[in-house]
Amino acid sequence: EAQVTQNPRYLITVTGKKLTVTCSQNMNHEYMSWYRQDPGLGLRQIYYSMNVEVTDKGDVPEGYKVSRKEKRNFPLILESPSPNQTSLYFCASSSTGIEQPQHFGDGTRLSIL
Amino acid sequence: DQQVKQNSPSLSVQEGRISILNCDYTNSMFDYFLWYKKYPAEGPTFLISISSIKDKNEDGRFTVFLNKSAKHLSLHIVPSQPGDSAVYFCAASDRGSTLGRLYFGRGTQLTVWP
Numbered sequence: 029e030a031q032v033t034q035n036p037r038y039l040i041t042v043t044g045k046k047l048t049v050t051c052s053q054n055m056n057h058e059y060m061s062w063y064r065q066d067p068g069l070g071l072r073q074i075y076y077s078m079n080v081e082v083t084d085k086g087d088v089p090e091g092y093k094v095s096r097k098e099k100r101n102f103p104l105i106l107e108s109p110s111p112n113q114t115s116l117y118f119c120a121s122s123s124t125g126i127e128q129p130q131h132f133g134d135g136t137r138l139s140i141l
Numbered sequence: 046d047q048q049v050k051q052n053s054p055s056l057s058v059q060e061g062r063i064s065i066l067n068c069d070y071t072n073s074m075f076d077y078f079l080w081y082k083k084y085p086a087e088g089p090t091f092l093i094s095i096s097s098i099k100d101k102n103e104d105g106r107f108t109v110f111l112n113k114s115a116k117h118l119s120l121h122i123v124p125s126q127p128g129d130s131a132v133y134f135c136a137a138s139d140r141g142s143t144l145g146r147l148y149f150g151r152g153t154q155l156t157v158w159p
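Just so you know, the protein sequences line up as chains S and B, in that order.
Here the first sequence stands for residues 29 to 141, where the numbers follow our numbering.
Here the second sequence stands for residues 46 to 159, where the numbers follow our numbering.
Incorrect hints may appear among the rest.
To be verified - Derived coverage of chain B by chain S (criterion: at least 3 residues anywhere in the stretch with Cβ under 8 Å from a Cβ of chain S; other residues may be distant):
{"id": "1", "stretch": "86-95"}
{"id": "2", "stretch": "134-142"}
{"id": "3", "stretch": "146-159"}
Claimed, not checked - As a list, the in silico DSSO-like pairs of lysine-lysine whose alpha-carbon atoms are at most 30 Å apart:
{"id": "4", "chain 1": "B", "residue 1": "K50", "chain 2": "S", "residue 2": "K85"}
{"id": "5", "chain 1": "S", "residue 1": "K85", "chain 2": "B", "residue 2": "K113"}
{"id": "6", "chain 1": "S", "residue 1": "K46", "chain 2": "S", "residue 2": "K93"}
Think of the hints as simulated: they come from the structure by calculation, not from any bench.
For glycine and all other residues, C-beta sits at the position ideal for the given N, C-alpha and C.
The task is simple: from the sequences and hints, build the whole structure.
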């Protein structure tokens with residue numbers, strides 16, 4: 029089954045404790061992207077990757093890092109999480125870019141205390 | 046400053062009637078537009094898209110209209126069904142400048158009642 033898998037689905041942690049949210053897709057997609065969803069703000073793009081070793085900033089990259097060492101994986105790293113990064117995070121992928129329908133994961137709810 | 050605006054946070058429509066969801070944008074360089082639908086506890090799913098060289102695109106019950114001069118697009122759902130109740134996000138991209146960037150609106154909660 030074609031899917032985008034995010035882990036963990038839920039996480040409660042404390043300020044400053046480094047965490048990684050993993051994202052993996054099994055569709056051999058070149059394009060991957062991270063978004064956060066906040067009440068009243070909709071979806072905002074954090075980072076995206078057009079292909080392996082190619083990443084770029086979205087709307088709200090501050091406080092986040094990403095890497096794309098292999099096509100299937102696109103982890104989101106919060107090196108020193110803060111409470112304003114409490115949010116619902118989505119990873120997505122598409123074959124070549126935003127013109128193709130993006131497949132989204134089911135989301136990761138992060139709470140930073 | 047938000048470049049894609051969905052000014053109606055919610056819309057309520059009776060089953061069988063038409064639902065019209067609106068979206069405005071400020072960046073005249075946007076040349077590709079998409080609609081995504083989101084149910085609670087799930088990721089968004091792609092609905093329909095339109096390129097700026099067109100003014101209309103249809104897919105079954107869903108039609109998107111683009112008015113470039115007004116920087117406005119709308120999504121029509123006819124007829125509306127209870128299963129269409131979801132949050133709808135409008136998104137836009139300037140493919141000539143940044144191929145992978147996508148700007149979303151804040152979403153409109155559509156409720157279709159029987």
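Hints, one by one, checked against the model:
Residues of the stretch 86-95 of chain B with a Cβ under 8 Å from some Cβ of chain S number 7, which satisfies the need for three, so the listed coverage holds. Given as covered by chain S, the stretch 134-142 of chain B passes the check, having 4 residues with a CB less than 8 Å from a CB of that chain where 3 are the minimum. Using a Cβ-Cβ cut-off of 8 Å, 7 residues of the stretch 146-159 of chain B lie near chain S, which meets the minimum of three, so the contact claim holds. Between K50/B and K85/S the CA atoms are separated by roughly 21 Å; this keeps the pair inside 30 Å, and the hint holds.
Restraint check for K85/S and K113/B: satisfied, since their Cα atoms lie roughly 27 Å apart, inside the 30 Å limit. Taken as a hint, the K46/S and K93/S pair is honoured in the structure, with Cα atoms around 11 Å apart against an allowance of 30 Å.
Checked against the numbered hints above, the structure violates none of them.
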